[in-house]
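Q: One letter stands for each residue in the lines below.
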Amino acid sequence: MIDDPHQPGSDELQSHLEGEGLNVRDVHGAILREKDDPRDGYEPIPLWLVSVFMALVFWAGAYFSFYSGGFQSDVFDPSQVSWAGGGGAVKGPPDPMVVGKRLFTANCVACHQPTGQGVAGQFPTLVDSEWVLGGDWHGDNHLVKILLHGLQGPIQVKGDTYNGAMPPWKQLKDDQIAMILTYIRNEWGNSAPPITAEQVAKIREETAAQTEPYTQNKLKAIPAVKFESAAPPAAEGGAAPAEGETAPPAPTEAQPEATPAAA
Amino acid sequence: MSATLTQAHPSTVTPEMEKAQRAVIDESTRLPVILFYGSAIFWLLTGSLLALLASFKLNEPSLLNQWGWLTFGRVRPAHLNAVVYGWASAAGIGTALWLMARLCRTPLRHSKLLVSAAIFWNIGILLGTLGILSGDGRSIEWLEFPNYSSFMLFVAFGLIAVWAVIMFRFRQPGHVYVSQWYLLAAFLWFPWLYSTANLLLNFEPIQGGAQGAVNWWYGHNALGLWFTPIGLATAYYLIPKVLGRPIHSYYLSILGFWSLALFYSWNGMHHLIGGPFPAWLVSASVVASVMMFIPVITTAINHHMTVRGNFEALKWSPTLRFTVFGAMCYTLASLQGISMAIPSLNKVTHFTHYTVGHAHLGLYAFFTMIMFGAMYYILPRVVGWEWPSARLIRWHFWLVAIGIGMMVVVLTLGGILQGLALLDPGITFMASLDYTKPWLFLRSVSGVLLTAGHIVFAVSFTLLLLKAGSKRSEPTLFGSDQGRQPEPLNV
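Residue numbers (our numbering), protein chains in the order written: chain A, 1 to 263; chain B, 1001 to 1491.
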């Protein structure tokens, strides 16, 4: 079965090796007995394989069109921007009912309670409150001012008197305050138009000189302003919700089409 | 080689002339091949000991931690670099040198280039490993070697690449076999990858997040465009060679090669899923990773159809058994890698031992096993001596086959549990580590098996170099020492 190297090979092999200065006895048996170097067969590529590969190529194109982030260098979430969904349409801004609730839970529940009912005599209720939704002399501007600069001294809410201290929250950003206010105006059965970050920013600028918390009397002296509900632009950080069942009454202006690319 | 042998037209070459050609070619490859193989086996043992130490430290963190140079943060990268560059790359180069000479059908030219490269290479590995242990290591995965070491490796590699181009230029006329495509490509790809990555990360570091992208572009391509082509080239040569059958389909070979070249280089960014990188970059990598299905399945079919009907030979031939084991694990490792690039699954497996198991499936069960197969084939030819002991080969095979099988299984299962625990907000990080403990213990056991297998192999290799035993001309086959009569098999 195997060439024996101790037995001189054919004359032809011997003469070839001598030409190279080798003796057939020194050449290892493995080299002499091994099979020819590999050759190529020419079986065709099976059709089913080509079909599978074509299906993969199709999948690749589809995946890319959904998760390419519009090929933008500053889009980091593959599901956020879809090439297929109209050349980089931006998904709607954050839902204030979700973010607002989170901020409310983090900052406000200690006094106003998760139910928004507050504590009798101390922390006023937010439910169906004229301070929150607007009333005889209460405007939306007052609400924003209270959040920015705080409120102290006795106040009347829905006929009950409370005497506590509301700390200023100006360390929060405009859009955060806007989302908290939009949230409390539309939770627990409340219903009022959203507050936008721009409106908060404007009042923050107007009241930059305010250094101490308001009192009820001081606020009463300021004329009430009811924000135009159609005003908020839908730009970044705005309070306008894009989608979602918990959203407050939608602003009237058109929202950019949100693309459910993640689906 | 004399003109009679070299200038004969392929169609007029007789079988006797081919034998004479092979004798001359193998003679010419002796020194460089033994140099690269010998140093590779040395680094395999060193790397195994470092690996064992690192693994034991995960079982018992206080073990040997009184010395800075033996802390986990140094031992683990020292292990990785010693086995990746010292063992796997050197074994791959040794195999590739021999294959290049055989496939170019010309004696190995300029062996001084290769001997110098081997010396540079080993000094580089030695400096690098000591450098990492002494605290000079870089915090860049797969490129931890300090600059004074990586520079030496690059010089060595440059020499080898130049040599490869010269060899290819002076090849005998005739068909260029598929193994040759992979080898030449790998010899050109790797110096490019290695120099670019070192330049951009260590010598003139680029800024910010782009470092992560370059790091994984290199890390994954070292596997995909260096180890994979060499492993596949070896399998493409050895499987049909041992069986004496043609490779199944030239068309599948072409499709496999070009689709690998096209898709693999995009794969690296799938290591960055969830990271601060532009979405398109990561998504392109996810797509390319899944498209790797094409070269992987193509190659798997090509190899499988070549072996089909001859699986009996796996019972006898060490070369074929190691090589086919490796080729099958290539398919397995690649399919697993594809699944890990899918973001929803990556979420579980990322940052867990699952990834470590995958790395060993690729670099060990695929590449290292094929290198063992190649050594079993090539070394008797260049040394001029048959393997002294079939028993040692058998022990080697079962120790490493069971060892790596066990390692991959336990790391995979442990990694899944770890990943699910990490995702569960109700489980603290420290508690998630408890899930890995029993699996890491079993991993250490598998590491002991692997190391034992490596020691057996090193003994076998030393006995071969010493030409132990009596001169035989029949191959050392599994079972031939047990009085069983092998099928006729000329390997």
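Keep in mind the hints are simulated off the structure, nothing from the lab.
Heads up, the beta-carbon is just placed ideally off N, CA and C, and yes, glycines get one too.
A few of these clues could be false.
With a cut-off of at most 30 Å between alpha-carbon atoms, the simulated DSS-like pairs for lysine-lysine come out as follows [said to hold, decoys possible]:
1. B:Lys1467 with A:Lys35
2. B:Lys1347 with A:Lys35
3. B:Lys1112 with B:Lys1347
4. A:Lys158 with A:Lys202
5. A:Lys101 with A:Lys35
6. A:Lys101 with B:Lys1347
7. A:Lys35 with B:Lys1471
Here are the simulated distance ranges between beta carbons [said to hold, decoys possible]:
8. A:Lys226 with B:Lys1347: 57 to 65 Å
9. B:His1175 with A:Leu47: 41 to 49 Å
10. A:Ala55 with B:Thr1014: 43 to 51 Å
11. B:Gln1211 with A:Leu22: 49 to 57 Å
Q: Find the hints from earlier in the document that the structure breaks and name them by number, from lowest to highest.
A: Structure breaks hints 2, 3, 5, 8, 9.
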